[in-house]
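Peer 1: Next come the chains, spelled out residue by residue.
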Amino acid sequence: MNTINTANNAVISVKNLVKTFNTGKGRHKKQVHALRNVSFELKPGKALALVGESGSGKSTVARLLTKMHLHTSGEVLFKGQNIEQFNSRAKLADYRRQIQMIFQDPYGSLNPAHTIYHHIARPLFTHGHVKTKAQAKQKVAELLQRVELAPDLTMAKFPHQLSGGQRQRVSIARAIAVGAEVILADEPTSMLDVSIRLDILELMKKMKQEQGLTFLYITHDIATARYFAEEIAIMYQGQIVEWGDTATVIDNPQHPYTQLLLSAVPTPHISFDEAAINGAELLAQANEIREQSYLPITDIIQHGENHFASQYQTINA
Amino acid sequence: MDSHNTLEVNRLCVDYLLDDSEFRAVKEVSFNIRKGEIFGLAGESGCGKSTIAFAITQLLKPPAYISQGEILLNGENTLTMDKATLRKTRWNKVSMVFQSAMNSLNPVLTIEEQFRDMFYKHKGYDEQESARRATQLLDLVGIEANRLKDYPHQFSGGMRQRIVIAIGLALNPDLLVMDEPTTALDVVVQREILLQIHALRKEFGFSVLFITHDLSLMTQLCDRIGVMYQGELVEVAKAKDILLKPQHPYTQKLWHSIPAAFEQSMAVEEASL
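Protein chains in written order, with UniProt numbering: chain A, 1 to 317; chain F, 1 to 273.
Treat the hints with care, as some may be off.
What the hints assert, rightly or not - Examples of chain F residues toward chain A, derived with CB under 10 Å:
1) Ile38
2) Tyr125
3) Ala184
4) Val187
5) Leu194
6) Ala199
7) Leu200
8) Asp214
9) Met218
10) Leu221
11) Ala239
12) Leu243
13) His248
14) His256
15) Phe262
For the record, the hints were derived by calculation from the structure and aren't laboratory data.
Since the structure is predicted, the reported quantities are computational estimates derived from the model, not experimental observations.
Ideal Cβ positions, reconstructed from N, Cα and C, are used throughout, including at glycine.
Can you build the whole structure from these sequences, using the hints too?
Peer 2: Okay, structure coming up:
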């Protein structure tokens, strides 16, 4: 199976990752193939956008990377080490310190009964970054400043006193508090208001560029993927059907599923009257494209220096 | 009252009662929707756009109440209607599709029974007649008739949303209010559904009040757009003008916070700067 560009300096490289969930009991026993042979690499200081509709398996990838679930087969290498080796408590804690998540729901990911100070100071104590309260206070203030929140005002506040965007900033501060190198951002902006989405992306972009953080940006929003990520991978039903440089893939999509997805992205400059005509052909085939894209990938075709798509079989072929 | 207007909202104010004060969620909002027009209401969460949608059919629940203004539907003020007239107006004249429409179907009734319930109440149809109409309606939204006996959980999110739209259109309303109808759906499904609305509107000539925070999508679909900010309607214009010549600073700010997905729109955006 091919991988996304095999440079050896990758922070994380994922090879042929498979995850199968078993659900139900007795007669209702059933297997759900959440990931089928997924391979990609995260390069230091860069972002990879994982794009797909709901249920395509994008969040499962993040869960496997943080070892919240264990993968069925395949391997994940973190700086060359297989993450399956991180078995002891200490090793696992150290691994998780370096790879942190930001979740979609800023309202659900902070504990309403604790102050912002508590949220950021706790991981600092747990991972032994600070010993005394004074140290913690200073470090928390520093972190809040880095995510552009006023330290004095914010520290004593409770989550309900902050807006969605501010809460998401706290989540980011918490993730970088313990010195994470890789951030798995699972739809970090989709629950925020439009006018503050860009600010959060801007902040993440700054961290990527200035501090060399590596991002896996999970989203269904093509526009923000283009804005934020250097590389993009399009997922459908547990497989990556197309990947490469973000701009190349979006402007010159090769796989029919990518084309279908992109044709449906709202573009304000094209009215529905025009869109109805242009997109009709693809939409008419939508079900066929979905069915065909569901089949296991057999071959990969290279379309450009860093642009790959899986072989698409038409029914008639 | 202009007879070309399906809906006219005049200086509408909605207040929420708080412990010791009132909070004005909608501040003197006026707009109208012409016959067969798709009118969009854009704005961020908490700006009052859904409150307006609920006010139109008198669905606001305390502590919210309408403190001022009038809402004319085909020239009749819905705010002064008695309960019986209101009941007849809802669904017959105005129907609503909510954001969580996937959850607005009763999980223990088959699709056919959901239709029958509504047809019996409003038209007094018997079982056969209602099943016959339901088949036609499902056909409109592209769902096969043999699925009438299925339960909501057997459909995908997009299909459930289409069923809700079909039920909404069942009595040929003059106005369809859609509050974030596709926010929970994937883009491809969203496009499929909205194209259907777009086509059905042309066929049946109903008006649509379309509410969303997705300005790009709204510009594509709507004829005219109103932009709301903190309870006030700050700008109303044709969709093209909202896109190309936004007047209010807030509208401009909204556009600036949406990154472009494609090269061509990036070029257009740069040219407009």
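Peer 1: Checked against the structure, which of the hints given earlier come out wrong?
Peer 2: Result: hints 2, 7 and 13 break, sorted rising.
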